[in-house]
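Sequence order for the protein chains is Y and P. Numbered per this note's numbering, the first sequence spans residues 1 to 308. Numbered per this note's numbering, the second sequence spans residues 1 to 502.
The set of hints was computed from the structure by calculation and includes no laboratory data. Nothing here was measured: the structure is a model prediction, and the numbers come from that model. A hint or two may mislead.
[Stated by the list, open to error] Below, computed lysine to aspartate or glutamate pairings styled on EDC-like, alpha-carbon distance capped at 16 Å: (1) P:278 to P:446; (2) P:324 to P:350; (3) Y:190 to Y:304; (4) P:70 to Y:295; (5) P:7 to P:57; (6) P:380 to P:429; (7) P:361 to P:350; (8) P:462 to P:438; (9) P:73 to Y:188; (10) P:187 to P:30; (11) P:70 to Y:188; (12) Y:165 to P:115.
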Amino acid sequence: MIALITSIIAAAIRIATPLTFAGIGEAINEKSGVINIGLDSIMLSGAFVSFYVCNKTDNILLGVFAGLISGIIISLFHGYLAIKGKANQTIIGLALNFFALGLTSFLFLVGFGTSTELPTCRIVSNISIPLLNKIPILGEVVFSQNIFVYLLFLTIILSYIIMYKTSWGISLISVGENPKAADTAGIDVKKTRYLACIINGLLGGLAGSYLTLAQLGFFMENITNGKGYMALVAVILGKRNPLGIFLAALVIGVADATQIRLQTAGIPLPSEIFTMLPYFVAMIVLLFSIKNNKDPLALGTPYERNAR
Amino acid sequence: MNLVSMKGISKSFFGVYANKDVDLEINSGEIVALLGENGAGKTTLMNILYGIYQKDDGILKIKDDDVCFKSPKDALKYNIGMVHQHFTLVPSLTVEQNITLGENFKGYPFLKTKDREAEIAKLSKEFNFAINPSELVKDLSIGQQQRVEILKLLYRKAQILILDEPTAVLTPQETESFFEVLKKLAKQNCAIILITHRISEVLKIADRVVVLRDGVKELDDKTKNLNKNTLSKAMIGRELKKQQIKYVPRKEVGLSLKNLSSIGIGRNISYFNFDVLKGEILGVAGVDGNGQKALAESIVGIRKYSNGKIFIDGEDITNLSTAKRKESKIAYISDDRHHDGLLLNYSVEENLLLKGDASKKYYKKGVLSKNILSQDATSKIDEYKIKTYSSKTPIRLLSGGNQQKLILAREISEETSVVVAFQPTRGLDVGASESVHDKLYQKQKEGASIVLISTDMDELRKMSNRILVIHDGMIMGIVDNDQNLDITKVGLMMAGSGVKNG
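All chains, full assembly: derive it from the sequences and hints.
Structural data, given as structure tokens:
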């Protein structure tokens, strides 16, 4: 039983990792007042570009780096249209999701053709931290993971400190809550928002590379399978707090890890019932957070200093 | 010492001049009032000084430096600070975080909250502000928030303080103590620019008055050489109308509230008991947010009641819907015309339709008749002197005054017997305010019962027969508005103390 629980939690962390990366990026983006529901497109492009570069060069580091860059480009494109173009942020995000889905599928076909053999790439190996990995349960769950997971823990801590313990965090909140107040206090609203977009692209890209370079080792059409949307759910459930997002992602992760095991447990039910589980759990938890709407006041609104 | 020197400043928006060739000098230790109607260009001029707008033409000198600010950040470097009419505070942050927002301090970027809270507490004490630096801004009253705005400027060592309509949100007492603060600041060699359209305040506090009209400087003189008439002449081009002799109401009761308590979002009213006679204007005084909205919405029927009854002409309307009430002669002028009253992107005609069942008159055999609507719109445009290109013009192109006239035209009809006017002249210039007031007077003479809710004491003094003072959702008292009215007492009642005899 303990072995089962341990394996479920370890799997849940692996599932939660990309959701949390992307979720923290999105939280920072939203705190600055820009909502990007095109998180899936950032992850998808990160996943594809990382895979492509790693497949061609056999260099994982280069793959990750290229994935980050592609994520940043997509996020900045969204940011440019939202901040400079003052376009409807939700619509751009939606459009980007379809755009990235089509583009990555197309480029995958162009790059690798249709063959019976799935093109693959190297993946990062697990690193066991000596001594710490001997701790019961925790050792296997936390200290025997791959580099991305360790990076995630670092990201959670760092982003938490930045958001709540530094004046950068205060500036970020002010830009999202009352950009005029920030502007008159001498904070550059647009710069802050672009910076938030870059961080979102970076973390979203990282989430994408994780899928191909840590989890799967191959690429296929629509590899994210809605993970970008699940990350958005984690952002809301976690109230844009890095720790909260991680916990929310873990809940989704546990549900997902459980359903995979249930599918193979020989229960005579259609597998789709189990596949539904994480989404179902997300819906239920969302129901409980209905009353706690704490959206930044200027979320989704472009800032115009000269507005009359 | 001369701090600011503006010469020939011009600024236009879409080809319309907001400021034309304005000269302005500000000296240290001086309180200057910048007086003018809405749209006279006061705020634009100050926004140029503060770096929010850039001038099209002219010279701006601060202490002999020729400058052109690109943003408020540049202006702050020259110790210029501005408190906007709409506060620029972040509600979810603390006082300390709001004040130090964007500052580079010791230990940056990590927060050393304690040190700076102590610093701010000291500053706050120096001016008797009684502000707790660790409190969240959203938990503060409007008056306190304003003090936070001023602290923000003082913390940044501002020497030139621009205050945009600062007293609009304050009680008379708060205004008094606010003026004390201004005098104290002026003594410490700050220069204070007070943007306002209230002549009485100007005479009370300013050393010098500058009047703008249609973007052009009309007058610039020491206050001691000026009086009410010279100022209003410079401001609106004519003297104010003589105060009308108050109309004596009839002896019959029009509107009557019996123990009415409301339930709903925000502040509610509890146990409201009062009668308004036919032909009477009952003024409702109080600091914004003390239940005025609930009172207005309760009478109109937008808000639900927990107990009590409401009568019009002796008829119980407690259980009537808003639509039925409007049919039964209640007119409602909301304080937020953009939010509650109008569809800005739609035409004058279409906005006239927004009156529930009462718009039946525009229908012929169940189909909307454009002809009837058009004719009615045209006649209302004439009657109310609404300035618009045509009845098909989208109303966002109309000025605030004309939008308000349109609401009056739609809401008030011959049958109207109760008018709920909630801040009907907010944001309107003197001319437009007068025409709103004239319409209310007209309805009063026709025998309507009028509830006039306002935060402008001058307006209430001018219009009302009696003044009801509201605080914290309760009636603090109802006083006759005559020569014997003790304004200090009303102020105290607004602040929550005073005798309850309602």
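Evaluated hints:
no., hint, in the structure
1, P:278 to P:446, "holds, 9 Å"
2, P:324 to P:350, "violated, 21 Å"
3, Y:190 to Y:304, "holds, 10 Å"
4, P:70 to Y:295, "violated, 31 Å"
5, P:7 to P:57, "holds, 9 Å"
6, P:380 to P:429, "violated, 21 Å"
7, P:361 to P:350, "holds, 14 Å"
8, P:462 to P:438, "holds, 12 Å"
9, P:73 to Y:188, "holds, 9 Å"
10, P:187 to P:30, "holds, 9 Å"
11, P:70 to Y:188, "holds, 12 Å"
12, Y:165 to P:115, "holds, 15 Å"
Checked against the numbered hints listed earlier, the structure breaks hints 2, 4, 6; every other hint is satisfied.
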